[in-house]
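Colleague: The whole structure should be built from the sequences, with the hints applied where relevant.
2 protein chains.
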Amino acid sequence: MPVLPNVKPGYLQDELSASPPTHSASFDVTMKELRTSVIPGMTHWASPNFFAFFPSTNSAAAIAGNLIASAMNTVGFTWQASPAATEMEVLTLDWLAQLLRLPTTFMNRTSTGRGTGGGVILGTTSEAMLVTLVAARDAALRRSGSVGVSHLPRLAVYAADQTHSTFFKACRLAGFDPANIRSIPTGSETNYGLDPTKLLKVLQADVDAGLVPTYVCATVGTTSSNAVDPVGAIADVAAMFNAWVHVDAAYAGSACICPEFRHHLDGVEHVDSISMSPHKWLLTCLDCTCLYVRDAHRLSDSLETNPEYLKNDATESGEVTDLKDMQVGVGRRFRGLKLWMVMRTYGTTKLQEHIRSDVAMAKMFEDLVHADNRFEVVVPRNFALVCFRIKPSGSMTEEDADEANRQLMEKLNKTGQAYLAHTVVGDKFVLRFAIGSSLQEERHVRSAWDLIKKTTSTIMD
Amino acid sequence: MPVLPNVKPGYLQDELSASPPTHSASFDVTMKELRTSVIPGMTHWASPNFFAFFPSTNSAAAIAGNLIASAMNTVGFTWQASPAATEMEVLTLDWLAQLLRLPTTFMNRTSTGRGTGGGVILGTTSEAMLVTLVAARDAALRRSGSVGVSHLPRLAVYAADQTHSTFFKACRLAGFDPANIRSIPTGSETNYGLDPTKLLKVLQADVDAGLVPTYVCATVGTTSSNAVDPVGAIADVAAMFNAWVHVDAAYAGSACICPEFRHHLDGVEHVDSISMSPHKWLLTCLDCTCLYVRDAHRLSDSLETNPEYLKNDATESGEVTDLKDMQVGVGRRFRGLKLWMVMRTYGTTKLQEHIRSDVAMAKMFEDLVHADNRFEVVVPRNFALVCFRIKPSGSMTEEDADEANRQLMEKLNKTGQAYLAHTVVGDKFVLRFAIGSSLQEERHVRSAWDLIKKTTSTIMD
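Here the protein sequences line up with chains B and X, keeping their order.
Every letter in the first sequence is one number past the one before it in full-length UniProt numbering, and letter 189, counting from 1, is 189.
Every letter in the second sequence is one number past the one before it in full-length UniProt numbering, and letter 155, counting from 1, is 155.
There are no misleading hints in this set.
Identical copies look the same in the list; a pair holds intra-copy or inter-copy alike.
List of simulated lysine to aspartate or glutamate pairs, DMTMM-like, C-alpha gap at most 25 Å:
#1 K311 x E403
#2 K8 x E319
#3 K414 x E319
#4 K391 x E410
#5 K428 x E308
#6 K453 x E410
#7 K391 x D402
#8 K411 x D313
#9 K411 x E319
#10 K414 x E308
Just so you know, these hints were derived from the structure itself, not from any lab.
Modeller: Here it is, written out as structure tokens:
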């Protein structure tokens with residue numbers, strides 16, 4: 001199967017009936033339609049030749065976890081609605097916090113009893129951003145003496161221009177004024193990480209203009225180029241203004257279970273919340289985003305509901321966590337099981353090996369790029385993503401180079417033998433080569449590189 | 001296994017290790033811990049003796065759909081990122097729209113080509129409410145000439161007091177002023193449905209006070225007692241003020257695939273959006289909430305993002321739907337597969353039979369309650385939920401009756417042979433008997449009723 005399918009918009013409607021079937025059909029009929037009509041139109045994220053976006057890693061343990069959770073079909077909105085579902089989620093989050101060496105202030109339970117921090121598993125980073133933005137917004141409104149939301153137009157939020165677009169969307173969802181959503185420019189001098197000095201200036205200017213700095217989002221491993229914002233320095237600046245600091249480590253958080261990458265989280269003990277997505281790089285199929293907050297009450301103060309039909313003794317005892325109060329909705333799947341099964345079967349050592357193996361393959365690819373003088377690596381590689389491009393040479397202008405790289409990507413993707421995505425870094429059109437699809441081995445990386453070289457030759461000649 | 005487990009808060013932490021395992025373990029070890037430590041602490045939503053909340057229905061087809069989606073692990077944020085995933089979701093939503101006899105204005109594709117409406121599958125009703133609230137908020141801000149969100153403190157939203165608590169939470173998330181979130185009282189005279197005359201008065205009073213009516217939420221089948229707000233009459237009132245009308249048919253929407261229940265949606269052609277959750281009653285395991293909007297652009301105008309690395313020719317052609325622009329986040333599972341497999345294998349006829357069989361069992365239970373003069377049915381049954389209680393008799397006061405019903409519920413739930421939840425309707429403590437767990441048969445309903453009668457005797461004697 002080609003990684004990227006060759007189908008036209010609306011193709012499936014033509015293959016399958018536009019009207020719902022009246023009568024039942026056997027499972028075999030359904031599977032046949034799936035095989036003949038649906039699968040040929042899929043982009044194969046599980047293919048070892050998938051190098052686009054960030055891979056969606058997977059494992060048999062995670063699939064089994066999803067299968068069992070689907071069959072049990074439990075809805076754990078409160079502890080009482082399914083005690084083990086809540087406790088497993090809380091336990092697994094505490095396990096992962098230990099792997100990440102998060103401070104115990106982020107944990108649900110510590111060796112001395114129940115902690116003040118807490119975690120919850122959500123669907124996506126966007127939801128983690130949204131719920132923490134709302135908690136920070138409400139705290140800033142209270143702090144500024146707002147009557148209702150009257151001060152909302154004065155609140156301001158901050159992130160580097162490399163921050164995921166979903167952050168800026170989450171700010172709008174939470175009602176922040178678009179004019180007060182700051183995207184702070186970054187450049188090659190910081191490898192596209194947020195400069196704390198610039199942040200300080202922007203925050204101070206806003207305060208001088210009567211605004212209330214409310215929330216700063218720092219990213220560890222941006223989607224575009226894997227840039228890392230300096231967590232500790234950003235937290236120090238934000239603390240001067242009482243602003244909430246969230247760390248988005250969606251992708252690179254997984255790498256931080258290895259001691260050699262953990263320094264990217266230095267200073268996390270001073271932030272208010274952090275999220276990372278095991279579905280991106282920790283062998284856990286979609287969806288699984290872990291959010292940790294330092295003070296769980298700051299979240300539940302904004303998100304708590306208490307309808308009559310959910311009232312129960314356990315909740316009233318105050319001894320349990322009701323995970324509905326840490327998310328957008330009420331209903332929730334048995335989210336902890338999948339991640340627990342991954343951590344339980346692999347164990348820390350194998351999970352670290354998995355990260356290291358992907359990083360080693362990325363390093364190998366980076367070396368291959370370096371060794372061919374038609375190409376350049378555009379930003380230093382931090383994890384398992386290599387940002388590279390055909391570099392201008394001879395009479396080739398920057399514009400020509402952009403066009404050559406765009407052509408290269410299109411030709412590669414049309415072969416069906418590899419799928420790469422692009423980004424723009426410092427005005428340059430850049431190819432992203434992301435390692436980590438679960439079936440990927442060195443030979444797939446080498447084949448892709450051979451294909452890239454060959455295809456480049458057809459363009460450059 | 002008892003339906004409701006008998007475990008103490010923190011029990012799982014004591015059974016499993018508080019620290020993550022360093023080394024890998026076989027799948028058998030993991031499954032053993034699951035069986036011995038986790039499953040005994042679960043509330044068994046799949047049990048035929050589960051009558052609490054709303055059941056979470058399921059089927060082999062849905063479980064298979066989840067399994068296949070987990071293994072493929074595709075991330076369909078844009079059409080291009082997985083064409084078949086997007087197209088299957090769109091097709092399945094259009095199938096369901098036809099089953100529900102929604103007007104074609106809500107469909108993605110009609111017999112004459114691409115429609116202006118659209119659907120998306122989300123995790124929960126809360127998310128459906130949130131995204132439509134944000135779209136309505138932004139439209140009202142534009143309409144009122146707001147600079148940024150300066151007019152946000154003037155926008156107002158409306159729902160009956162029986163509306164799910166998550167609606168009021170979603171309003172707060174979207175930044176509406178808590179003082180302008182109206183919960184309109186209902187009473188037994190409308191069977192706890194929203195009275196359009198009252199709604200009109202509240203809306204007019206707000207306009208007179210300089211507020212901007214922005215959004216009205218109507219519920220078809222409330223969680224508490226299955227009350228039905230009159231959709232058409234509410235839409236007529238809201239239209240006078242240009243307010244967005246959303247219909248929350250999370251539970252009872254599934255019943256509306258049967259012609260005899262469809263009248264509950266009468267007037268839906270005049271609303272802006274409607275959501276219903278097949279995970280509640282359409283044999284589809286969690287999570288699966290279908291949101292339809294009449295004008296998809298009104299949603300994507302507020303929710304669109306366009307980062308460089310997601311730019312592609314298909315999106316730019318305008319011929320495809322990018323489902324990321326109709327939800328909170330960016331990443332998304334292969335959400336359509338599960339629902340497609342259910343609809344494809346069951347077919348309309350079997351799905352209708354499933355609804356009718358549950359309703360017939362609920363009617364049987366209702367008849368049993370009616371036939372025992374110690375009890376009363378508190379509100380007329382609309383679907384498969386029966387709200388009943390021990391009624392006051394002899395020297396028993398209303399307070400005594402509340403206490404007796406509370407005791408009855410606690411004793412029943414402690415047996416492990418049935419699990420019921422409660423609500424409060426018109427100041428009365430009421431037991432909710434919800435039919436619909438997938439393995440439920442008449443004999444389970446009869447056994448539960450016998451247990452209720454026997455337990456009542458021990459309380460009343």
